[in-house]
Amino acid sequence: MSLYFANALPDLVDDALAGFALAHADTVRWDERDGYLRALHPAPTRRVGLVSGGGSGHEPLHLGYVGTGMLDAACPGRVFASPHNRQVLAAARSVAREDGVLLLVKNYTGDRINFGIAAERLAHEGIACGRVLIDDDVASQSAESATGRRGTGAAVLVEKILGAAADDGRGLAELEDLGAALVARSRSLAVASASHTSPVTGEPAFTLPPGTLEYGVGIHGERAARTLSTRSLRDLAEEMVASLAEALDLSGDSRLIVLVNGLGGVTRLELYAVLREVALLLDKRGATTVRTLVGDFVTALDMRGFSVTLLDADDEVLRLYDAPAAAPAWPARPGRTTR
Amino acid sequence: MSDTTTRPEQTGPLAFADFTHRWVHGFAATATATETELTALDQQVGDGDFGMNLVAGLQATLRLLSPPTGDAALPTGRAVTPAGPAAGTPPPGRAAPDASPAAPLAAAATAFLDEVGGTSGPLFGLLFQELADAVREGGAGSPTAALAAGVRGGLAAIQRVGDAEVGDKTLVDALDPAARALAAATTDDPAQALGEAAGAAWRGVHDTTRSTARRGRASYLGDRAAGVPDPGAVGIALLFTAAGGPVTSLAPLLH
Chain P
309 MSLYFANALP DLVDDALAGF ALAHADTVRW DERDGYLRAL HPAPTRRVGL VSGGGSGHEP
369 LHLGYVGTGM LDAACPGRVF ASPHNRQVLA AARSVAREDG VLLLVKNYTG DRINFGIAAE
429 RLAHEGIACG RVLIDDDVAS QSAESATGRR GTGAAVLVEK ILGAAADDGR GLAELEDLGA
489 ALVARSRSLA VASASHTSPV TGEPAFTLPP GTLEYGVGIH GERAARTLST RSLRDLAEEM
549 VASLAEALDL SGDSRLIVLV NGLGGVTRLE LYAVLREVAL LLDKRGATTV RTLVGDFVTA
609 LDMRGFSVTL LDADDEVLRL YDAPAAAPAW PARPGRTTR
Chain D
408 MSDTTTRPEQ TGPLAFADFT HRWVHGFAAT ATATETELTA LDQQVGDGDF GMNLVAGLQA
468 TLRLLSPPTG DAALPTGRAV TPAGPAAGTP PPGRAAPDAS PAAPLAAAAT AFLDEVGGTS
528 GPLFGLLFQE LADAVREGGA GSPTAALAAG VRGGLAAIQR VGDAEVGDKT LVDALDPAAR
588 ALAAATTDDP AQALGEAAGA AWRGVHDTTR STARRGRASY LGDRAAGVPD PGAVGIALLF
648 TAAGGPVTSL APLLH
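Chains P and D are the protein sequences, given in the same order.
309 is the number of the first residue of the first sequence in the working numbering; add one for each residue after it.
408 is the number of the first residue of the second sequence in the working numbering; add one for each residue after it.
Errors might be hidden in some of the hints.
[Unchecked claim] Which stretches of chain P does chain D cover? Using the computed rule of at least three CB atoms under 8 Å from a CB of chain D, they are:
1) 385-394
2) 416-429
[Said to hold, decoys possible] Sample of chain P residues with no beta-carbon within 10 Å of chain D, all distances over it, derived:
3) A640
4) R641
5) G643
[Unchecked claim] Estimated spans, in silico, between C-beta atoms of each pair:
6) D/R567 <-> P/R341: 41 to 49 Å
7) P/S559 <-> D/E572: 31 to 39 Å
8) D/T619 <-> P/L311: 35 to 43 Å
9) D/T619 <-> P/R584: 45 to 53 Å
10) D/A447 <-> P/T596: 54 to 62 Å
11) P/A550 <-> D/R610: 46 to 54 Å
12) P/T353 <-> D/Q451: 48 to 56 Å
13) P/R341 <-> D/A633: 22 to 30 Å
14) D/L661 <-> P/L317: 45 to 53 Å
15) D/R567 <-> P/G327: 35 to 43 Å
Source of the hints: derived by calculation from the structure; they are not laboratory data.
Idealized CB from N, CA, C, for every residue including glycine.
Take the sequences, apply the hints, and build the full model.
Okay, here's the thing in structure tokens:
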């Protein structure tokens, strides 16, 4: 028995997309036949269309970031499953500009293959196509695995910053390079005190022994590599910030965009407390928190957990980040610590 | 591969078009005949949908090749016969809008890329897309050279998309040796050249039986997938083997 509120589980994604399109009819259009969501008012200055997508269950990613100043289109798959290559192809065809289209792909095998097949087909049709691979999760960094780090919270920041750069009229190669640089300067880490509820069984995807938490979870209900004993938020944040600072090789003068992201089942009360601890710990290291995002941006259904993403930014990246955007899930007033 | 085509000597685009039509129909008949065995293989190392996806892709291909024409002379329900036409049966060329050598390969490309789920199916679509392009561009010359260029292009596209190398226990393990065999083939007879590619592909399949997956679905199983050939690699070997006529059973080819 499912605990989810749905007419029928297989219809949940389609029903939600129809509702989303209704809620934001002034901003986006849902193409039900071809399976993509499209921005209605992209800047006329864009020379490259931006397309992302991935499995559903991570809302508001990616549909909430379709809009003016961010994505031109997003392709949703079923829950935790990649979209089909023909969805990506149809979306890319419809938003490609004079300098082609850029695909923003989170690093999962299914997404890589389906976006990759679409890229081959676009090239075959003579549409220039680039790719930014988002792989920011430090917990999945492993020498033995050929699959590499997972893509998580950095997707939101990359979509925002590249959107502003595309509005500036930058070309495909320039955007591809900027995207790769942004990913290289972003790292994330996630923890959970309870798994998401499986839509199919209504049971937790995994159960944790009392007094433990999972350190380094993904966004598809996969177990983490490490199980830790429950500890104070301060001690937990200290471990997370240490891992992220090491991965980013943070220096004393680093200026950071900090995303404290709920995974779907954690309170704002907790998330703001996380932000405070993270900012204090960064301050101790001499790094400065210059921009903040706190809330549910990339979820894993109703997982009781959060992730922290740090992006080491320079002036140009901050200028692009601060440019106005009108996408349904981008905050009207994103957090700034200084004027 | 035994020589099943003792037909009068024919050359030129018409003979090549006849060949590619029989090849694709033969592959469709092969997929239908071996679906159960492919499913059993895939259930051991994947999610069990490979045989079903292969059959679905080829049935969609045959539908694209024989569109309903509204011609009163054609009996209804003729479009897809599960067993497929016997090898050597001329394709229903009059009804098809395009009887060029590239047409059946282009139809397979569209069918596999647009209508098949999973990951292996659309990757077959990329191979067919490159084959169709190469045959369209080079079909008037040596058919073997055109097929070799198409398979080489398909292998490159599949590797760009999936990042798999030989030895990762994926369909690349069969496609890479097949591409090499075709490039080295000295015959102009496409059936004979693809027969040589088939031999090389089956040797690659047997290598996957012994290896551990690093890519694709089977990579989640590690050593538990050892002893089972990769279903995608088997599908590639069947594609080349079907150029010599439909395959009716997988078992003799896996030993």
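* Asked: Should the hint that D/A447 and P/T596 are 54 to 62 Å apart at their CB atoms be regarded as holding?
  -> holds, 60 Å
* Asked: Cβ-Cβ distance between D/R567 and P/G327: within 35 to 43 Å?
  -> Since the Cβ atoms of D/R567 and P/G327 sit about 37 Å apart, the hinted range of 35 to 43 Å holds.
* Coverage of the segment 385-394 of chain P by chain D, judged on three or more residues with CB within 8 Å -> holds (count 3)
* To do: With a C-beta cutoff of 8 Å, work out whether three or more residues of the segment 416-429 of chain P approach chain D closely enough for the coverage to hold.
  => holds (count 10)
* Looking at P/G643 again, its CB stays over 10 Å from all of chain D? -> holds, 38 Å
* Taking the beta carbons of D/T619 and P/L311, is their distance inside 35 to 43 Å? -> Given a distance of about 39 Å, which is inside 35 to 43 Å, the answer is holds.
* Okay, D/T619 versus P/R584 on CB: inside 45 to 53 Å? -> holds, 47 Å
* Could one say that the CB atoms of P/T353 and D/Q451 fall in the range 48 to 56 Å? -> With Cβ atoms ~54 Å apart, the hint holds.
* **Satisfaction of the hinted span 31 to 39 Å by the C-beta atoms belonging to P/S559 and D/E572** => This hint holds: roughly 37 Å between Cβ atoms.
* Asked: Holds or violated: 41 to 49 Å for the Cβ distance of D/R567 and P/R341?
  -> violated, 29 Å
* To do: May I ask you to check that P/A640 keeps its beta-carbon over 10 Å from the closest beta-carbon of chain D?
  => For P/A640, whose nearest Cβ neighbour in chain D is about 39 Å away, the distance exceeds 10 Å, so it holds.
* To do: Please settle this one: P/R641 was flagged as non-interface, so is its CB more than 10 Å from every CB on chain D?
  => holds, 41 Å
The structure fails hints 6, 13 and 14 (numbered hints given earlier, in ascending order).
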